[in-house]
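Visitor: Protein chains in written order, with the working numbering: chain A, 4 to 115; chain B, 107 to 220.
Read the hints as simulated data drawn from the structure, not as lab findings. Hints are supplied without guarantee of correctness; some may be wrong.
[Unchecked claim] Simulated crosslink set (SDA-like; lysine to any residue; CA at most 20 Å straight-line):
#1 A:45 to B:111
#2 A:45 to A:113
#3 A:45 to B:128
#4 A:45 to B:108
#5 B:136 to A:49
#6 A:66 to A:25
#7 A:66 to A:17
#8 A:45 to B:132
#9 A:45 to B:117
#10 A:110 to A:17
#11 A:66 to A:80
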Amino acid sequence: EDQVTQSPEALRLQEGESSSLNCSYTVSGLRGLFWYRQDPGKGPEFLFTLYSAGEEKEKERLKATLTKKESFLHITAPKPEDSATYLCAVQAAGDSNYQLIWGAGTKLIIKP
Amino acid sequence: DAGVTQSPTHLIKTRGQHVTLRCSPISGHKSVSWYQQVLGQGPQFIFQYYEKEERGRGNFPDRFSARQFPNYSSELNVNALLLGDSALYLCASSLSAQSYTEAFFGQGTRLTVV
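Generate the whole structure from the sequences, applying the supplied hints.
Guide: Quick look at the structure:
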């Protein structure tokens with residue numbers, strides 16, 4: 004069964020304290036892995052798409068990496084405005100529904 | 107350009123009632139997907155429509171139905187509401203049915219069933 008597991012569930016950091024969020028996945032062939040940011044009461048905001056192991060993408064203080072079993076979202080010198088829930092999702096190559104399978108998210112809190 | 111628009115933003119319904127949620131995709135996007143997000147969990151896939159045809163259906167009961175109109179807007183209908191249907195309902199808009207590379211989400215409809 005295709006599934007996505009994110010860890011930790013919650014992470015509290017001081018402003019400027021770098022860290023990483025983990026997304027482990029099990030799928031029957033990966034079409035794509037997606038990272039989204041979600042603020043309370045709002046819809047997910049697209050951050051990155053990764054397609055193959057070894058691929059990396061960066062945006063401001065965020066960097067996403069991909070291996071054959073997991074993805075990491077590295078956050079460097081975070082600011083309070085980076086506080087949000089970060090969601091990871093995968094699209095399986097053999098899924099005729101073309102659906103995204105989501106993890107439960109990591110709630111990131113950056114304290115000033 | 108306007109983003110994905112969902113209406114209403116909040117809704118309170120009684121058990122057993124029917125509800126209709128609406129979604130207008132980004133101009134030029136022909137695919138609309140619906141997701142249910144229960145508090146503290148990731149979204150769960152309900153439906154995908156592309157070019158007015160259903161292209162995917164998640165593991166939800168037949169009380170859930172949807173359709174897409176010629177202008178690519180979409181409706182999600184839920185009959186015989188249960189307390190467990192309380193959730194944030196999300197609509198995603200994308201150019202194609204096969205890739206979420208350019209998928210954008212609306213702000214969601216918060217449904218509360220009492």
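Visitor: Indicate, hint by hint, whether the structure satisfies it.
Guide: Each hint tested on the structure:
| no. | hint | verdict |
| --- | --- | --- |
| 1 | A:45 to B:111 | 12 Å, holds |
| 2 | A:45 to A:113 | 19 Å, holds |
| 3 | A:45 to B:128 | 16 Å, holds |
| 4 | A:45 to B:108 | 16 Å, holds |
| 5 | B:136 to A:49 | 18 Å, holds |
| 6 | A:66 to A:25 | 12 Å, holds |
| 7 | A:66 to A:17 | 19 Å, holds |
| 8 | A:45 to B:132 | 17 Å, holds |
| 9 | A:45 to B:117 | 15 Å, holds |
| 10 | A:110 to A:17 | 14 Å, holds |
| 11 | A:66 to A:80 | 12 Å, holds |
Consistency with the previously given hints is maintained throughout, with no hint failing.
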